[in-house]
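Novice: Sequence:
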Amino acid sequence: MCYMKRVGVRELRQNASVLLRAVADGHTIEITHHGHPVAQLIPATNDAWSALIASKEVTPPPH
Numbered sequence: 000m001c002y003m004k005r006v007g008v009r010e011l012r013q014n015a016s017v018l019l020r021a022v023a024d025g026h027t028i029e030i031t032h033h034g035h036p037v038a039q040l041i042p043a044t045n046d047a048w049s050a051l052i053a054s055k056e057v058t059p060p061p062h
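Every letter in the sequence shown is one number past the one before it in numbering that gives the first Met the number 0, and letter 49, counting from 1, is 48.
Check each hint, because a few of them may be wrong.
[Unchecked claim] Here are the in silico distance ranges between beta carbons for each label pair:
id	residue 1	residue 2	range
1	H33	P60	37 to 45 Å
2	H62	L19	28 to 36 Å
3	V37	Y2	15 to 23 Å
4	R12	A47	28 to 36 Å
5	H62	T31	31 to 39 Å
6	P59	R9	18 to 26 Å
7	K4	P59	32 to 40 Å
8	P60	R12	35 to 43 Å
9	I30	A50	15 to 23 Å
10	T31	E56	31 to 39 Å
11	S54	A23	30 to 38 Å
By construction, these hints were calculated from the structure, which means they are not laboratory data.
All residues carry an ideal CB built from backbone N, CA and C; glycine is no exception.
Start from the sequences, fold in the hints, and give me the full structure.
Specialist: Here it is in structure tokens:
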């Protein structure tokens, strides 16, 4: 099961360093504004294919 942490804009401002470390460790964080999702922080990658998979624009082939 995949769990995505949700944080509001205020928590993002107050804990940016902690949240960015979590993203650097591979976690995805959803940012909300007044309870509505507005953005996702995802780990940076130099691999275009991995970025497309992370954004769910493509689905990798089954193993």
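Novice: Could you run down the list of hints and mark each one as holding or not?
Specialist: Hint check results:
Range check, H33 to P60: about 39 Å between beta-carbon atoms, so the 37 to 45 Å window is met. Take H62 and L19: their Cβ atoms lie about 32 Å apart, and the range 28 to 36 Å holds. Between V37 and Y2, the C-beta spacing of about 19 Å keeps the proposed range 15 to 23 Å intact. The hint said 28 to 36 Å for the Cβ distance between R12 and A47, and at roughly 31 Å that hint holds.
Our hint of 31 to 39 Å for H62 and T31 holds, since their Cβ atoms are close to 34 Å apart. Between P59 and R9 the beta carbons are some 36 Å apart, a value that contradicts the proposed interval 18 to 26 Å. The hinted window of 32 to 40 Å between K4 and P59 is violated, with their beta carbons roughly 24 Å apart. For P60 and R12, the Cβ-Cβ distance of about 40 Å falls inside the hinted range of 35 to 43 Å, so the restraint holds.
The supplied range of 15 to 23 Å is met by I30 and A50, whose beta-carbon atoms lie about 18 Å from each other. At about 22 Å, the beta-carbon gap between T31 and E56 misses the expected band of 31 to 39 Å. Between S54 and A23 the beta carbon distance is about 18 Å. The supplied range of 30 to 38 Å is therefore violated.
Taken one by one, the earlier hints fail for this structure at numbers 6, 7, 10, 11, listed in ascending order.
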